[in-house]
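Undergrad: Protein sequences appear in the order of chains C and V.
Here my numbering is used: the first residue of the first sequence is 184, the next is one more, and so on.
Here my numbering is used: the first residue of the second sequence is 103, the next is one more, and so on.
FYI, nobody ran anything at the bench for these hints, they're computed from the structure.
Please note that a few of the clues may not be correct.
[Stated by the list, open to error] Going by beta-carbon spacing under 10 Å, a handful of chain C positions derived as facing chain V: (1) Glu211; (2) Arg215; (3) Ile217; (4) Pro218; (5) Phe233; (6) Val254; (7) Gly260; (8) Pro374; (9) Val471.
[To be verified] Using C-beta positions, here's what the derived DEER-type ranges look like: (10) Pro255(V) - Ser214(C): 40 to 46 Å; (11) Arg468(C) - Ser276(V): 30 to 36 Å; (12) Thr237(C) - Ala169(V): 33 to 39 Å; (13) Ser214(C) - Ala169(V): 21 to 27 Å; (14) Pro255(V) - Trp301(C): 44 to 50 Å; (15) Gly144(V) - Gly225(C): 41 to 47 Å.
Note that the structure is a prediction, hence the values are computed from the model and not measured.
The beta carbon of each residue, even a glycine, is placed where N, CA and C say it ideally should be.
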Amino acid sequence: MHRSLVSISDLTDEEVTELIDLSKVFREVNSREIPKVPALRGKTVATLFFENSTRTRLSFELAATRLSADVLTFTLGSSSVSKGESLRDTAETIESLGADLIIMRHSSSGAVGLVGSWLDIPLVNAGDGAHEHPTQALLDAFTLMDQFETGPRLDGINVAIVGDVLHSRVARSNVQLMSRLGAKITLVGPPVLLPLDLSLWPVKVSHSLDEVLAGSDVLYLLRIQSERFSESLVPSLSEFAKSFSLNMERLAKAKKETVVMHPGPMIRGVEITGEVADSPQSLVRKQVENGVSVRMAVLYWLLGAGQERLEPIW
Amino acid sequence: MAPKIGSNSDRSYSATAEVMTSSDINRVISRIAHEVIEQNRGCTELVVVGLQTGGVWIAEALCNLLAEIATFPCAVGSLDISLYRDDHALRPLIKSSSTDVPVSVHGKTVILVDDVLFTGRTVRAALEAILNFGRPKAIQLAVMVDRGHRELPIRPDYVGKNLPTSRSEVVEVSEQGVKILKEVGNAS
């Protein structure tokens, strides 16, 4: 029986803690002079990205190579998809080639779960449409536990998620995970960039960034995903920036201990100014760094462990 | 001593013989400390690394003693080799980080310490692991009990006690002493 990681809801609270603990193990590995372990030697991991990515793909590939797995890379542009091959045939081909696990990104919500139902190997969701991006949420939680020294929880941490929540899979995974871990979440943005019905979300809503600055421990900024909407939802990016861009002037109104996070890619000058992104309060680089350890934990958890040993080993 | 990794909850054991007492253990650590000094004349710095979990307390005790009687400084660390084992497909999930090598091992003499030397597979994995922290001048191996049954060409530099055993027995080492446990029920 194989496990996959498509949604944060696939994980029990105990499993979240397990993955956070494992992430610490791999952060120690990453601090070594030779940051590589043979734990997944002989395993093959394929990245199947139907949508562009810089850090997520590189982060997963680095995680896999640091565990000594072999990595197959699928790129949309040079693949047979351009000849008309279907999603199912593409995924099944990669499975038949002998991949032990597929890391997949797709622009359609639910695509990763659908592919998972066709395959007999574990699948990791690296982002599907506006649905979920579970490893991002895990690495964000890991980064915050470290920052606020809250142990395996985020109790009492006030998180403002700011910007284009409507199109954000990062927000959907993060709201689930952070709220389960005890954080209090406020979604901040113009009504057109927030989901219509938030009645089932464990969040508060604000339409003013200025109002939430003083009460937030974490300002989590999201990029305006202009590629995901055809009609214009905001009059212009500069109009959006006027009310929702985090600049130094706004950051000064937050507490000194307040931290700034962003899943990337950042559009400097829109949702975040360059000065804020590079300020000491920014955890953006830390997020990327922790991402490798967290993804090593996820790959190891899905591929490397779980069975009881047959013989005593001492 | 519980198994280092994994559980053997489906097996049960009964104690048969106490082969070392706690004062034997203390004497052995003291003897090994003197042997370490003898064999490492001219040594400038030593790193004593205990293998998780059973080797860690022995490494600490050995390093504490060396700090008193040796002329060179001694640092202590611990190493979890779960990610290096050659039987990892059978390994249950490791729970938390227990590797801590606080100093560089470059150019230094490293002493790996474990409680029981058996097949040698743990030591093989430890050799691979420690080399990822740098290039030591030399690596030596100290064990409290050598119970035989080697499957790899590995030999210890310092031995507390050579203890012939059968494969189905379990050797339990703690600060209180060394015991041999026999498997109850489906013993071979």
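Undergrad: Evaluate each hint against the coordinates.
TA: Here is how each hint holds up against the structure:
{"no.": "1", "hint": "Glu211", "verdict": "holds, 5 Å"}
{"no.": "2", "hint": "Arg215", "verdict": "holds, 5 Å"}
{"no.": "3", "hint": "Ile217", "verdict": "holds, 4 Å"}
{"no.": "4", "hint": "Pro218", "verdict": "holds, 8 Å"}
{"no.": "5", "hint": "Phe233", "verdict": "violated, 31 Å"}
{"no.": "6", "hint": "Val254", "verdict": "violated, 18 Å"}
{"no.": "7", "hint": "Gly260", "verdict": "violated, 36 Å"}
{"no.": "8", "hint": "Pro374", "verdict": "violated, 44 Å"}
{"no.": "9", "hint": "Val471", "verdict": "violated, 21 Å"}
{"no.": "10", "hint": "Pro255(V) - Ser214(C): 40 to 46 Å", "verdict": "violated, 32 Å"}
{"no.": "11", "hint": "Arg468(C) - Ser276(V): 30 to 36 Å", "verdict": "violated, 45 Å"}
{"no.": "12", "hint": "Thr237(C) - Ala169(V): 33 to 39 Å", "verdict": "violated, 49 Å"}
{"no.": "13", "hint": "Ser214(C) - Ala169(V): 21 to 27 Å", "verdict": "holds, 26 Å"}
{"no.": "14", "hint": "Pro255(V) - Trp301(C): 44 to 50 Å", "verdict": "holds, 48 Å"}
{"no.": "15", "hint": "Gly144(V) - Gly225(C): 41 to 47 Å", "verdict": "holds, 43 Å"}
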